[in-house]
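Trainee: Now for the letters of each chain:
Protein chains: 2
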Amino acid sequence: MEFSFDEKDFVSCCGSTKFAKEMASASPFGSLQDAVSVARDVWFNSVDVNGWLQAFSAHPQIGQSHAPSVASEASAQWSKGEQSTALATATGSSLQELSEWNARYREKFGFVFLICAAGRSTDEILAELKRRYTNRPIVEFEIAAREQMKITELRLAKLFSSRENISSTADK
Amino acid sequence: MEFSFDEKDFVSCCGSTKFAKEMASASPFGSLQDAVSVARDVWFNSVDVNGWLQAFSAHPQIGQSHAPSVASEASAQWSKGEQSTALATATGSSLQELSEWNARYREKFGFVFLICAAGRSTDEILAELKRRYTNRPIVEFEIAAREQMKITELRLAKLFSSRENISSTADK
Chain A
1 MEFSFDEKDF
11 VSCCGSTKFA
21 KEMASASPFG
31 SLQDAVSVAR
41 DVWFNSVDVN
51 GWLQAFSAHP
61 QIGQSHAPSV
71 ASEASAQWSK
81 GEQSTALATA
91 TGSSLQELSE
101 WNARYREKFG
111 FVFLICAAGR
121 STDEILAELK
131 RRYTNRPIVE
141 FEIAAREQMK
151 ITELRLAKLF
161 SSRENISSTA
171 DK
Chain B
1 MEFSFDEKDF
11 VSCCGSTKFA
21 KEMASASPFG
31 SLQDAVSVAR
41 DVWFNSVDVN
51 GWLQAFSAHP
61 QIGQSHAPSV
71 ASEASAQWSK
81 GEQSTALATA
91 TGSSLQELSE
101 WNARYREKFG
111 FVFLICAAGR
121 STDEILAELK
131 RRYTNRPIVE
141 FEIAAREQMK
151 ITELRLAKLF
161 SSRENISSTA
171 DK
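Residue numbers (our numbering), protein chains in the order written: chain A, 1 to 172; chain B, 1 to 172.
Okay, chain A solo, but in the shape it has when bound (with noise of 0.2 Å):
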């Protein structure tokens, strides 16, 4: 079985367009597994810096429900389910707090705070932002990227379940 997608299901993973391109060009896969081991290929080896600002930008300010308009419908919808766990555990005066300290990092480093949020409470999440505010802004901007890395691989496999389910229920 193959899995085809085209460049709109890519930049829903990962909002760089070269990226989205290369996946698109790869495509069809034969398992989700080869897809993350195109993907982190093209991440890491091809896509340039200019690339990783521009995927950053297509997240949301986390605490924050609202996508930036450049977000795909599908982008901004995962976004809300990656951060359904730091929502629930979230209290006003936390959010406050989050939202401070979002200011700050991307006042420091020019781009948005990015964390893979999925299962992390709120307090988890302040905490590793404060952790990684003292860093270089070179060495963060790689931070930042593995973390990219790791919600591009989460909506990648997304992506396949979602077409595996239509596959079988069209089998019945």
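Some hints could be false.
Pairs involving identical chains hold if they fit within one copy or between any two copies, as the list cannot separate such chains.
Said to hold, decoys possible - Quick list of in silico lysine-lysine cross-link-like pairs, DSSO-like style, CA-CA up to 27 Å:
no.	residue 1	residue 2
1	108	21
2	158	18
3	8	108
4	80	108
5	150	80
6	21	158
7	130	18
8	158	108
9	130	8
10	8	150
11	18	8
12	8	158
13	108	150
14	80	8
Calculated from the structure, these hints are not laboratory results.
Given the structure is predicted, the values throughout are model-derived calculations rather than measurements.
Place chain B on chain A using the hints.
Mentor: The following block gives chain B in isolation, referenced to the frame of chain A:
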């Protein structure tokens, strides 16, 4: 003796607005060594990745004498001086090859090939460009930032020596 410079002086050494602002705030400096030490700290620990890209964009493509429109007059003049060995050793065909590899480099990395060209021949620069072209984008980004710092240090030295000349003339 103290050396006082303004933002415009520093932006000629390194085209990042943040770099120039922070250097101007830290000015006056007691010596070139003091200025270099602050400059390294600002460049590597405070200027973010957007600031690095801004500084890179102020350089002409190597082998070309015309600077980008964002470059200051002093910066454009210094670029010419720094490339004097390269230009003196260049043949028509080596300049052509350099131009082709520059285009390839920019296509892969999204910014101009940066090298502290002072004292290097065209052949040396071309060999280095080809070697660095194989790097991952994030690796090359850091190398380019270190080359920018070397260029900045040379230019700070010129800035200070021009001031010393004026001062010793005034002393006479």
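Trainee: Each hint: holds or not?
Mentor: To see whether the hints hold, each was checked on the structure:
1. 108 with 21: Between. Shortest inter-copy distance 15 Å satisfies the 27 Å Cα cut-off; intra-copy 31 Å does not.
2. 158 with 18: Answer is within; shortest intra-copy Cα gap is 21 Å, inter-copy 41 Å.
3. 8 with 108: Between. Shortest inter-copy distance 23 Å satisfies the 27 Å Cα cut-off; intra-copy 32 Å does not.
4. 80 with 108: Answer is within: at 25 Å inside a copy they meet the 27 Å cutoff, but 34 Å across does not.
5. 150 with 80: within (16 Å within a copy, 45 Å between copies)
6. 21 with 158: within (19 Å within a copy, 46 Å between copies)
7. 130 with 18: between (31 Å within a copy, 23 Å between copies)
8. 158 with 108: Classified as neither; 33 Å inside a copy, 30 Å across copies.
9. 130 with 8: Neither: 34 Å inside a copy, 35 Å across copies.
10. 8 with 150: The answer is within: 19 Å in one copy meets 27 Å, while 43 Å across copies does not.
11. 18 with 8: Cα proximity of residue 18 and residue 8: one copy only (12 Å, versus 36 Å across).
12. 8 with 158: Classified as within: same-chain Cα gap 14 Å, cross-chain 52 Å, threshold 27 Å.
13. 108 with 150: Answer is both: 23 Å inside a copy and 24 Å across each meet the 27 Å cutoff.
14. 80 with 8: within (19 Å within a copy, 46 Å between copies)
Checked against the numbered hints above, the structure violates hints 8, 9; every other hint is satisfied.
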